Each structure stands twice: as C-alpha cells, then as structure tokens.
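Asks: Read top to bottom, the protein sequences are chains A and B.
Residue 0 is where the first sequence starts when you use numbering that gives the first Met the number 0, and the numbers rise one by one after that.
Residue 0 is where the second sequence starts when you use numbering that gives the first Met the number 0, and the numbers rise one by one after that.
Because the hints were derived from the structure by calculation, they are not lab data.
Since this is a predicted model, take the numbers as computed values, not measurements.
One thing to keep in mind: the hints can contain errors.
Pairs involving identical chains hold if they fit within one copy or between any two copies, as the list cannot separate such chains.
As the list claims (entries may be wrong) - Heads up, simulated SDA-like pairs for lysine to any residue below, C-alpha to C-alpha not over 25 Å straight-line:
1. Lys546 <-> Gly517
2. Lys620 <-> Trp466
3. Lys339 <-> Trp164
4. Lys339 <-> His398
5. Lys358 <-> Pro543
6. Lys339 <-> Arg168
7. Lys136 <-> Thr233
There are 2 protein chains.
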Amino acid sequence: MHSSQWIIAGVFLLQGCTMGQPQQATSPRTEIRNCSMNPPYLPPTAIETTARLTALRGALRANGINAYIVPATDPHMSEYIAERDSRLGWVTGFTGSAGTGVVTLDRASLWTDSRYWTQAERQMDCNWELQRTIWIKSIGLWILEAVPPGGNVGLDPFLVSIDTWNSYREALHGSGRTLLPIETNLVDQVWGDQRPPPASSKIYSLPSEFTGNSWQEKVAGIRQQMEQHIQSPTAVLLSGLEETAWLFNLRGDDIPYNPVFYSYTLLTSTDIRLFVNETRLTAEARQSLQTGCPGPLCVELQEYGQVRAHIRDYAQGNVTIWLGTEYTTYGLYSVIPQEKLLEDSYSPVMIAKAVKNAKEQELLRAAHVRDAVAVIQYLLWLEKMVPQGLVDEFSGARHVDALRWAQEHSHGPSFESISASGLNAALAHYSPSNVSSQKLSVDEMYLSDTGGQYLDGTTDITRTMHWGVPTPLQKEAYTRVLMGNIDLSRLIFPADTAGRTVESFARQALWEVGLNYGHGTGHGIGNFLSVHEWPVGFQSNNIPLTKGMFTSIEPGYYRDGEFGIRIENVALVVEAQTEYQTGEKPFLTFEVVSLVPYDRNLIDISLLSQEQIQYLNTYYKTIRERVGPELQSQQLEEEYHWLQRNTEPFRRSSASTTATTLSMLAITSLVSTLLTELQA
Amino acid sequence: MHSSQWIIAGVFLLQGCTMGQPQQATSPRTEIRNCSMNPPYLPPTAIETTARLTALRGALRANGINAYIVPATDPHMSEYIAERDSRLGWVTGFTGSAGTGVVTLDRASLWTDSRYWTQAERQMDCNWELQRTIWIKSIGLWILEAVPPGGNVGLDPFLVSIDTWNSYREALHGSGRTLLPIETNLVDQVWGDQRPPPASSKIYSLPSEFTGNSWQEKVAGIRQQMEQHIQSPTAVLLSGLEETAWLFNLRGDDIPYNPVFYSYTLLTSTDIRLFVNETRLTAEARQSLQTGCPGPLCVELQEYGQVRAHIRDYAQGNVTIWLGTEYTTYGLYSVIPQEKLLEDSYSPVMIAKAVKNAKEQELLRAAHVRDAVAVIQYLLWLEKMVPQGLVDEFSGARHVDALRWAQEHSHGPSFESISASGLNAALAHYSPSNVSSQKLSVDEMYLSDTGGQYLDGTTDITRTMHWGVPTPLQKEAYTRVLMGNIDLSRLIFPADTAGRTVESFARQALWEVGLNYGHGTGHGIGNFLSVHEWPVGFQSNNIPLTKGMFTSIEPGYYRDGEFGIRIENVALVVEAQTEYQTGEKPFLTFEVVSLVPYDRNLIDISLLSQEQIQYLNTYYKTIRERVGPELQSQQLEEEYHWLQRNTEPFRRSSASTTATTLSMLAITSLVSTLLTELQA
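Next comes chain A alone, as it looks inside the complex (with noise of 0.2 Å):
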C-alpha cells in the first residue's frame, strides 16, 4: 500500500524483495539519452514530452503558480498503481514505480532512485532534468533556487500523505514561498481524453468459504473497539483500498496483482457508508451490504468522489474521527478540525485484517499447498529443460505463471514474476522483459521470485537454483542465507516482540563470514489481498508480532555483477512450546507455511548445525505429509517422486565423527585379523 522503501546509508533496504519493474540489467551508451550533444541524442525508448509540458505550463500560469509538483503515488497510497493515476510516467515518460517530478514554467525535473537512473534516462527526453537522490529537502532546495520568492508550489492533496505534505511545507518554511493545495489535478486536466478511463470492471463478493468471518462480525469487531478506545471515536475512516475490501469481503480488479477497488470506508457507530462507484458492484455484492438496510448494519453507498465533502460535513458535528496516518492523505486528514482527529499510525481495521483467524489461517495455508505443487512443479520442469537451453527468464516466468494459472481458485500472480539469471539476480528485484530475456544455463545460478493470488489466499516464494557446480563461494553464501532463513523461523521469542529487534538472526550466519544484504527481511501478507500486507514485517515501522500474523522471511545475498541469491517463505506467527514462560502470554515462533525444498546441490551441509539440520529434516517431512498427497492427488507422479527426492532427510557427516568412526574401523578391523590369528 505505501512505498516499501527504506534507505540507509545509501542502500536501498526495501521491505520485501518482489516488487519490480522491467529493467535492463546493462544499458549501452546509445539506450540512454545524451542532452549535452547539439542536437541532443534521445534513444527511441524517449518519450517526447514538449507539447505535454506547455499544456501544464499553461494550467500552472492559469492557476497562478510557479512550480507544480507531481508525485508518483495515487489518492490511496497504493504499492501498485492504476495505469489512470500513472500522471508522473504519463507527464515524464519516465514508469518507474518511484519517483517525483516537478515543474516550473522554464524547467522541469525527476527525482528517483539508483535502481532507477538508467530507466529514466532511457526513457526520458532532454526536457527533464534528473535528480538522483529521492530527499524532500533537495527536492526543496531546488524549487528555492528555481522559484522566486513571493512565488507559489501547487501540489495535488490528494495524492500525498500527511507527513509528505509537511514535509514540502517545512522545506519551504520562512523562504517566502508557498506551499497551495491545488485540489484540481492539473496533469489530468491537461491529460484530458487520453487518460485511461476509470475501472468499470465488476466489484464481486468474496464466497465466504473464503473469507474469515462475515463483514457484519468484522464491522461489530471494530466498532468495540471504537466503545472501549479512551478516546471514544465516533467513526473510523478508511483510504487505503485493503481497508475496506477486507472489511467488506469485496474485491475488484482496479490495481495490477491486488485485487482491490477504488473507494472509501467511513464506518460510525450508528451507520455505514461506503463510497464507490456503485454501478460496479455485482448484485450479489449490493445484495450482502444492503440485508441489514434501514439499520447500523446497513452499508450505505455514495459516489467515490463524494468522500470529502462527507467527511467535511460529518466534522462538523461532536465527532472523533479515528484514521491511520500512514496512509491517509493530506487532502482528506486536513479537512478533520485537529481536536476531531484521533490518529494512529495504522487505522483499526489495518490492524485486525494483519491478526489472521483460525479460518483465515487455514485458507493461507491451504492455498500455499497448491501453490507449492505449481512451483515444484516449476523445478522439475527447468531440471529438464535448462541443460537444453530451451529456457530464457522471460519464458520461465511465463511458464510458472501458467503453472499458478492451472491451480484451483487461482487468480493469477500476486506480483511481477521475479525471475532472474547470473549477475542479473544481483539486482535484488529484476524482472526480465521479452527483449532483454538472458537464458539460463548450467553454469549460473538463477533466482525465482514468484507468488499467487487465490481466492483462499495470497503467496510469494523465492527459490534459488544452480544446475551445474557451483563456485566454493556460491555454495557457502547459499547456505548461509538458508542458515538464517531457518535461524529466524525456528527462533522463540516473547508476545509483542518488534520484528526489527530479531530479524538479525536472519543475517547471523552471514555476517559470521562478513557478508551481508541490503533488504529488508520480511513483510506481511494477505488472503486474496497484498503480497505486501502492512503493518506487519521487520522495520521499525510495523507493530509487534503477534499469533495469527503471516510474514515473509526472506534473506539474501547479492554480488554485483556476478550473482544473487535469496530464500524466501512465508510463516505464520504460533505459539512456541517453552519449558518456562515469563509475562502473561505464551512465548511465539514461526510455523513456515511455503511448502517447497530448496537446492541440495547448493547446501553445505557440513556448516549446519546439529539444530539447524534437525530443523530443516523436520520442515522436509511436513513439507512431504501436506505436499505429498496434494501431487499425487493432482496426478503429478514424476514431481511426486521428485518431490521425495528432494526432501530425503540431511546427515551430518562431520570431520570428527567421519575421524570416529575411521579409526573405529581400523580397531576393529585389527581385533579381527588378531581374532583369526589367534584362532588359526
């Protein structure tokens, strides 16, 4: 839902690993642009944007602004966007998921990030400057240098979160220009008719053997909440999309890989509006929202451009109105009189939809079972295939694709397949395109990143895979980046504790050797929703973990220029089983719910440990009891046996015992001779 991106110390940290776009892993000089050439160089990936920019100029001069920002995000906050709110790539050229752009009436530049530079100065012609750094503050510096004092920032409401807006406006602070809300977007004014229509797709109700409980427990659930909050709010407003299509139990087709909808939740304690383009929803949706009409189990449904002028009105009353900061833009926040507002950094619904329930569980782990069989079976096909040289990144992300396809209640992938050979698995979040597709060979590793949507629920899995023989390093590297992986999932810690204060046992092994990776190493994830589920994960922005979360555990390691690996499941937060137990709650642990071996010819078994080798036997006989039947039920006999090949229990061997027992033999093999001399 929000940008998953952390930087530190210049390094992208980014909260899972499978967002991407198509990117070229290298980029010859004449596939980027050359402004400084007389006529300047544009390669013919360049989008010609001179008639875009004077038409906004023109909306800048006619709303009596000096410069106009224009930010890459839509009125939600979404992870992914709708190609309608793609204004930045549409006002750029540039269509990178992250960026910002700004334009003055004589210039106009992009800021983005390192992963993106090369894309942009592809994509981009010489009317756009590129600033390769993503700071507020020197997107701030620039306009003081480019905009006059006296002179006016328009910036769309709409399309920012709260502390994004403060940010921009401290920037500007005392320098005597100022920061105006401009709540006509003028990219989409001067867009016009070729701006993508709004979605018209159907907004269908989710069967409830799918789903968790009813809407009507889900909303009686968070309005105790609202009775026994000390603050007593008197409504709860939703904007980020997940919201209100897991409180509802609705989904829809608006965003790519979510299978969410565009609207807004206001939900009081005596009423419910939803506001949504009402003519989307199928009969059977309006159907189940309207049972409970006239009533406070009535969901009453407005137009989804309606939403502010409600909220405005309904603050004008002896109202608190509870809302989740992180998501919420500033458009909407700043028509809340302050002393109305109760903020949270995540709104209550945000927080129950993350605490999964026993059924919700159930249907996770059910749909990681059919999607182990889809990528098991994925494996055995490029066992095959790849020492042929019949496979290219493109064409086995589009085969896995196809194989998630053909499971029950698929709805296709969660994400854009990862999928990625030698030095371009180096780039943590590459996904190839058909026409920089590398083929995979024996003699590199490549790394698969992929996930499902399912009615039952959602998946993502990375897998790393070598067909041939690995370098001394690949090998330890690999293992120890499984070592973590199993380290986190088989720690035990206290309810409530901060994942950021653990997932360093993820990089232990490691850092042991003094390597490392530059990612996050987790995030929540939903059922049928976001591979991305906020809040939960291992930054010090998400909450505690607590029974019933899912997240991904998701280690790497990345050698620029040569290869990458990475483990990925997903678990679920359980109750550990402890000898003792300290505070009032049971002690958690991670029950791994991604359900497919990883690559034998990669592990060195001789750097596990006795503990670390148990575990790994353990998740491989549960892997054979859940995912053994579901292949042979599925007919799949050649990935059945595959299957038990792969997960044949691990035997340490090691130096002193291999020693033991040699010199066992010796003895025994000299009380022998001695006992048949002695009987000769």
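Using the hints, position chain B against chain A.
Replies: This is chain B only, laid out in the frame that chain A set:
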C-alpha cells in the same frame, strides 16, 4: 545524564541496571502511611510538608498561577543530581530518583513509577496524593481536573527538556489552561537558606597521562566538524555536564558518583566561553584554559548564571547554534530563534566523546585490570566469610567499595553498590542500607553489581554467585544468562549497526525456554566520567555501534520473590576478522574488558555449544594473562591461585562423546588383552 528508563508494556527497561536508591524489599503495613484513618497514620519515616506547601502556595498566588509543576531533574538533565537540586525531594519528602510533583492551591500530587510506590508511601505525609503512573498525559488530565479553565500552570523551563516542555504544552493545548515558564524557581524561593549551598570544591585538570587528547585538539576537532557541516553552524552549545568536563579535561565533585561540575560551554568558531564559578578552578586548571589567551584557543570564563543572557545576545547575530535536544533544557533552547538552531539529538561533543581513541581505550582497559583485582579479592573474601555467616548485603557492599578505594588512581565507586541476596536480587536495582541488610548465606544466590571511578577509567561489573547447592532452575537460568552474554559478546556485525537490532542475541538462550528479562542490555561508559554514558547502548534512541565505543553487556533473569541473576561486562567495539567483507568498513565485534571469571558452581556446561565453550575458555585465558601478573605484582598470592582455579578451561563431555570414548576404551582394552595373549 538523562533518565535511562524505558517502559514497555508496564515493565521498566532500565538502560543499565546499576542505578539505585536504597529500597526496602518488604514493607510491613506499619511502615507506610494510612491517610484514610482518622487521624491519618504516618510512619516515622514520613516528612511533614504542611509548612513547605503553605509557603509554596503563597508563591503560587504571588505569581498568579494555579498549579506549579516540580520535576525531579536538574538544569543539565543529569542522571544523578546534587542535594541542592533535589527540589522534589524537599517539597514532598520523597527521595526516589524519578518522579514529578504538582501543587495547586488546595491539592498536591506525586507521580512516580512502580519501583518507588512503597518508598513514597513511607516518606510522604497525607498532604500528598500518590499517582501510580508517570505519563505526562495523566499529569495533564489531573491538572485539567484541578485547575479551572483560564488558569495558569507554572513550570521552571530550566529544569525540563524540550520534549517534556512540549508534552506539557500539548497536554494543556486547547483546554483554556496556559503553561507559563516561571524563570525564578518557586521551590528554591521558599526553600530559602535551608537549601544546601552551591558546590565549592575545586575543579581540577585531569593529568595529561589520563587524557586521550589535549583540550585544544578536541576543540579543533569539533570546530572542523562545524566547518564541514552543510548547515555551517557558528557555535556549539554544551549543556551536559560531562560534555564540558570531557572537552576541557576538567573534573569536579558536584554530583554524586560522576566527577563533573556545574557548567555550560559555548564553543564558537572564533572563541570559547566556559560558564562556571571561576573561583573554584585550581590555579593549574585556570592556567591550562588560558595559555592561548587572547586567541581562538583561549577559554573565556564567565559566571555560570550568565549563560542564558549570553546565549540570547549571541543569538541576535547572524549565527547558527548546534545543540543536543535530548538534554538541553527548554529554558535555554527557547531563547534561540528557531531558524538559528541546528538541532541534533546529541551534540558533536557527545558523539566524539562516545568514540574512544587508542589511548583512551588503553586507559579504560588498564582501569579494568585493577578493578578486576578488587572484585577478585571480594569474591575470594566472600567465599571464606559467607559460610561463616559473617557478611550481610551492606557490609559486603562496603567491603568491595573499600577494596576499590585501595586500588591505584581510585576515586571511589561509580554508583551506589548493588549488593542483593536471595529474593532482594529480583529487584534489579536493589541497594542495601544499614537498616535493611540481609545476611548472605550459602543457601541463596547473591548478586553484586558494582563499579569504580579511576583517573583512567570508569568500571561497572556484575557477578552472581551461589556458595551452596543451586536449584536446577537457578543453574539453568544462570547458564542461559551467561550464554546470552557470550552470544552477544562474540557476535560479528556490520559497522554502524544499531544496537537495538542485535541486543536479542543476549536474550535468545533465555527465550528458548520461555525466560526473559525486563531491562535493557547495556549502556556506554566513560573515561573517569559517567557510568551510564550516552548515547551508546542497545536501545532505539542509541546511536549505531562503531569501532572505539565501550558498552556494558548485561543480560539477567529475575524471579519475583525468589532470586535474581545478572552477568555484566564492559566491552569495547573492535574490528572483526572476517573472510569476506560487505560494504566499505570492516565488520565489528566486541572485546570484553571486564576480567573476572564466572561462578563455576552455577554453570551447566552441557547447555553450552562448542563455540560458546571455546569463547569462554579464550576469555579465561585472557583473564589469566592480563589479571594474573597484576595480582602477582600486588602480591596477592591467594587471589592469584583463586584466579587459576577459577579460570581452568571447560571441557564438554557430551553424552555422545562419552559413549564414543567408552567404546574406544573397551576396544583398546580388548586389543591389548589379545596382544598379550598373542605374545604369550
């Protein structure tokens, strides 16, 4: 310097555990007040405050305020405060280190945390209500109830941090009550000539053999940072007493346990102003400060009380003042216009002080060798005296203090010695007094957490002992605390890792069986300065770990009403030797500089991994090498032999190894029998 407490879910997380005020482990009813009786019952320990309150209320009326907030802090946010700054203690009778009082015209309340509830009930009379919480929000709610709208609430802005001031302001915001800065302290006014006089002892120079750099070099380093800073600060303002003491290599005796003196410093790019009672400087100290006069390396002396007026004047110019917001008072901060501030959590002096150079590291190491001698003497003495019933908690504490005093360069204890037997040790920060001291016994565990001030360094060490037969749980818990200490001490981690992300390694061995502890895992420490030196440590507000920092590592386990365990060492952050390297800086690890062996009677060696045993044996070897010669040179032969006995290497005879050895023995004996027969 500032409160080192963190509360999570109602449990106190002390940054370290060495703070403490005398406290009763048990409190019969007659020891505490009973205000619901008529007349009220007051124990002999209660202080009569009626006259003080009457006088204070007169001052409230004279100043036109309805409520007056009395914090427990001093103008430098010192961790320990002088008697003269104990305003809360004087007005309430309550002498605990943490609390807040509020006096209105007809009510008076004290807020303090669970550590101090019993003590407050013993020390306060019935003029005072006790509020069992410390949240500023709850103080605000009480004020809203006690003060009518339109009323004024007074607070001395020189006794609270910026954050605290803002929290009070927010708590009253929009309520019609106004928070007023009252610059003349009203408690001081009514305390009058009964208030202890200002410190008059000498402020002296630290001999150059005990300093890491001359003060001129330190000033040059800070000025260089000012020049290189992007915001070009013109001055650094130092409010922390240890900042000024460190910068000028000066020491004093104004605060218990911390060798600092009342002062402020304003260091600009062209001059240096030290605000201090200059008559207290020794001739040598004054000489040292003024050899460079006039000039940029001349320290101009100005009266301590002039600091605010001077800063106000200085801030009129075209200046930028750099300061640490964590410990600068709102009173000083508020005279500087917002646009002339460069705010960081900690000043560059605080950060520079945290990273010890090679000489400072050597000094701290040397202090720890002599400190180990005193602690080893104490452990041997206990071993002989406890079985005879000749030691109690208080006499033990006095004995170890005396042993430290006898060491070269000693300046006494670095905090009030914690000496806790049996269930008293379950209070993590218990200190005995001569009226409440338990006898040490071979039937109970004993926890000793003590430290010394030496001219070359400050020390802090905790050992836990049992001279009889520990219970299985005691032995397991002790061993797991030790395993945690070893696991964090031997961890290898990337440069600039946040302590918060690695401290769980000190807990994992406990977590594994459902045990945990409710305090922090460590704190920085100084060279003859604070025993809790900010901003180093393992909490979220500590700065990242870098080479040259010292921190304590002190996991524990506490079982209410039964026993308490803590094992604490001081460790230096050093470069690690790793096979590979990721990033530009070498990976880091810890070198433990506390050199005292653990209680073998409490270690279950079968729980330790081979790596932990090897680490322990290497540590013991270091102790022998470094402390052995010092014991011999101090002619402590008995202690020397005690040390040899107590640092014998450990060997694990695990079940499987034993079995192998036995079968080998059997075979060998069989062979030898056979050979004998053959030869016969």
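Asks: Could you work out which earlier hints the structure fails to respect and list their numbers in ascending sequence?
Replies: Hint check: 4 fails alone, others pass.
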